[in-house]
Amino acid sequence: MLTKIAAQTIKTKWKDLLILFAGLIISIAIFYMFSTVANNKAFLTANTSIKAIVVIFIVGEILLGLITFIYLNFANRFLVQLRQREYGLLMMFGANKANISRLLFMETFFLGVISLIIGTIVGAGLTGFAGQFLQQMLGLTLAHWQMFNITGFLVTVVYFVIVFSLNGIINQIYISRSNINTLLRAEQTAEKMPKPGFFNIIVGIIGILLLILSFIVMQHILKISILLGLILALSLNVSGTFLTIRSGLALVLNLIKQSKFSAVGLRNFTLGQLTFRLKAFERILTVVTLLFALALGALTVGRSFQMSLPIIAQQSSPFTISIIQPTVQEKQLISQLKGVEFVKSYQYKLTNKALIWSGKQFNQEPLPFYHVKNSTNFSTAIPKVHFADEQMLQSKQQTNFEANAILSDLANGINTNNPNQSIIVNEQQFKKSTTVAQQIIIVRVKNMESNHNANMLAKLQAGQLKRFSGLKERGVSGTFGFLTLAKGFSGGLEFMGFFLAIAFLVMLASTLMFKVLTNANVDRRRYNILMMIGATPIERLRANATEIGIVFAIPLIIGIIDVVYGLKFFKNIMADPYLGFQSSLLLIGSLYIVYYILTVFIYQRILKKH
Amino acid sequence: MKNIVNVKNLNLTYNANSIKPYHALKDINLQVTEGDFVAIMGPSGSGKSSFLNVLASLQAPSSGSVLIDEQNIWQLNANQLAKFRGQKLGFIFQEYNLIESLSVADNIALPLSLAKAKHTTITDAVNQVATLLHLKDQLKKFPNELSGGQKQRVAAARALVHQPKLIFGDEPTGALDSANAREMMNYLNKINIEQHISILMVTHDAFSASFANKIHFLSDGQIVQTLERSNQSRETFYRAILDFLGTFEE
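Residue numbers (the working numbering), protein chains in the order written: chain A, 1 to 610; chain B, 1 to 250.
Just so you know, the hints here were simulated from the structure itself, not pulled from any lab data.
Mimicking DSS-like on lysine-lysine, the simulated pairs with C-alpha atoms at most 27 angstroms apart in a straight line are:
hint	chain 1	residue 1	chain 2	residue 2
1	B	136	A	260
2	B	116	B	165
3	B	140	A	260
4	B	118	A	260
Next comes chain A alone, as it looks inside the complex (with noise of 0.2 angstroms):
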């Protein structure tokens, strides 16, 4: 008989629960797919040369396997408050505690059956579409990258069934803590109205000014200790957030709701349902605020140094490219290039004990080299380029220094197998050398990502990998070369990066979607009332968007308040790390704003139920 109502129950309430398919489905996609990658060994090692990398995938599922059992744990409890009278009902027809734990430990099993076949084929699908995406968004070329994996897959089914038990248990729990009485009443329960009594005043005060401290640490962080102030504003941070959540926001609905402004149409009513929630939601919007604030950052700092390795690649040569000894194609290719700044050729010559530059050539076509002053600070300025002839690569200078690196990096890059044996000799003792003098060209443009000029720079570099086998491990010289191998280099990490912050994010907006769901039940009766009164229909989706609209607000706001003050710590690491800011406050923004509508949306299907 338990069997045949939990089987009717998905049946008859498949609208109620798709929502909790839709989230779960996506939750278990997303694992099955960190669950793949983080198990593709192949490739993994193919695409990134830190080891680390397989701990940092593995980190990642486990931080999004404890958001999987949170988000979960919410959307049951959201089902099984929506069905409570019902479970008091049967109750009260004489089904005893165990009939009803085993109800709906049944209809825990049957979704999860369900959505765990239903969740690893997209989680299938999503891993190719994701691999796909990737090459193209990020130009990378993904190796032995699989859509299935054995052992991704057996994870992804023992963690949920793991999951869903535990959740079938905590249900149980709950239902023997319950009375029929408290079931078949739970709607009508009262709620108590918060008051701001002198101490939440202080309490609410005090969270704010510990907010905006962590703020000023958080602005100041290079000047402390970096790990001093990472605890000092992670915890200033933390405490600040919830107590202003508790009372800081609640004593300004307050004086809102004291003056003129809120005695306007509903705004009185809206005012008193916020202090309502924010009581309720003081703890899941602290834990969603600190969330989406790393979704976020995590996100940011991704994408900054995705962004940035253009810089840091022009950074790091005066030069796009080197073409060593070219041939009448690449010289083609080089003719053919678009906003070339210059055009340097050299002669060298690779005798058997080094490699030797006639100084004089310097004369005629100065060596480009930067010249960079001493600072701890990363910058995205692109150094000026200088130039040295023969007087300034024989000083003893700095700029010597500088100038002789960028002759070492092109010997480097012609004699991979005996490096630093660079010398520059005079005109007599050039031409006396009986070795055959070579040629080596240096071209610097001024966009290397224009479509056309990565597409000959590409051809150019292809060439020289496949004629001189010695560079493929250290790369063509030029900034070119080294966009492609740091690319290369830091793929995997992105990658996990970019999906970790969704699927945090995607969870996360869940969990509050589903926090904010829970009320609409009881909620209902508040809006017929209005709707009694004389609220119109527009009056009254205005009142509940705004209400939920300030819920979802208050993560977003400080979330983003936190990622501007964070970024700070990492202007110690990187060029920029607000790059990416605007890009990834986007992206995210847009998904958290899909998922505040879609909210909206479900709970006036809710109040709208008769």
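Based on the hints, put chain B in the right spot on chain A.
Same frame as chain A, now just chain B:
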């Protein structure tokens, strides 16, 4: 005197397209004169709650018309209907239907806030009804701090604050003990007489109904009898209702 409510050939059918449609209301015709206090009585399932819902613009009828203050309410769209409710109607329900997140003063003020009345107008009106219903000391409290009787007085104050033409009551004393029920009915009587507001109330309680001037008895979705108080005292009318109910139930 003009009619505040004019119901013509009202029908309400549930599951109209099914094999077994259920006719909750059948061809009802009813007039309520301005300033009247009317009660609707009837056994469970007689259709009295459905009737009130249709009259109060909460549920659309299958056919027929409902004119309130000469306006056919079911010809209005959702927005016009909401505005109409907000201006002309007041509601008092058995479950009080107060908003827990708002203080007593804010609960009472809601209809005026919705009508975008001035702050001073709202404050004055709230104070006035609070004095009338002896709620002055409760204004800053929240619903969970009030007794059942006080909650229903707040509901009455909210129904009254915007000076509606008509107040609908759905078992307004249903959740109250006898002392509070008597008090509530005395207040409704006072509102009816002093404020000249018409009241239409559904009740199963003969005592509450005895405060009305006229009682319509519903059975199987039809009005089967009407009792008028005329010049009788409330106590005499109460006995008359009980006598009628005795024969009615037989």
